[in-house]
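Enquirer: Please put together the full structure from these sequences, using the hints given.
Numbering of the sequence shown is given in the numbering used here, commencing with residue 30 and proceeding in unit increments.
No wet-lab data here; the hints were simulated from the structure.
Just to be clear, a hint being listed does not mean it is correct.
[What the hints assert, rightly or not] Pairwise CB distance ranges (calculated):
1) D128 to E58: 40 to 48 Å
2) H63 to A84: 18 to 26 Å
3) T124 to G85: 13 to 21 Å
4) H63 to V120: 35 to 43 Å
5) E108 to E81: 44 to 52 Å
6) E58 to R107: 14 to 22 Å
7) D128 to E66: 35 to 43 Å
8) P127 to A84: 34 to 42 Å
Model, not experiment: these values are computed from the prediction.
Beta carbons: idealized from backbone N, C-alpha and C, even for Gly.
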Amino acid sequence: MSDPVGHQGPAASGPASAAEAPGTPENAEYRVAHFQERLAAEELGELGVRAEFRAGAVAVTGTVPSAQCRETVLRVAREELAGLTVHTDVVVAETARPDRAEEL
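Expert: Rendered as structure tokens:
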């Protein structure tokens, strides 16, 4: 399941050095690390989500306990990773009690 959060290229706002351009690997890796720190530190405290910069895009994957938590992860990804290509595969864990006994 791939859910693109943002599919935007680098902003064309005049000349910038390679280290300052929004889509450069150096900047992208820093932003991915900041994204993960924010997920772990804020009210979400989500450690089950990983983000990696690979092949010019950010892959955000993991399992979260609720749909609300998933929406928060996606919102934070949009905020922190704006301007980068982001692919998400964040699923909600099934926490409902089984409706019948398991057959062995």
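Enquirer: Now, for every hint given, state plainly whether the structure supports it.
Expert: Results for each hint:
{"no.": "1", "hint": "D128 to E58: 40 to 48 Å", "in the structure": "holds, 45 Å"}
{"no.": "2", "hint": "H63 to A84: 18 to 26 Å", "in the structure": "holds, 20 Å"}
{"no.": "3", "hint": "T124 to G85: 13 to 21 Å", "in the structure": "violated, 36 Å"}
{"no.": "4", "hint": "H63 to V120: 35 to 43 Å", "in the structure": "violated, 24 Å"}
{"no.": "5", "hint": "E108 to E81: 44 to 52 Å", "in the structure": "violated, 18 Å"}
{"no.": "6", "hint": "E58 to R107: 14 to 22 Å", "in the structure": "holds, 18 Å"}
{"no.": "7", "hint": "D128 to E66: 35 to 43 Å", "in the structure": "holds, 40 Å"}
{"no.": "8", "hint": "P127 to A84: 34 to 42 Å", "in the structure": "holds, 40 Å"}
Hint violations for this structure: numbers 3, 4 and 5, all remaining hints satisfied.
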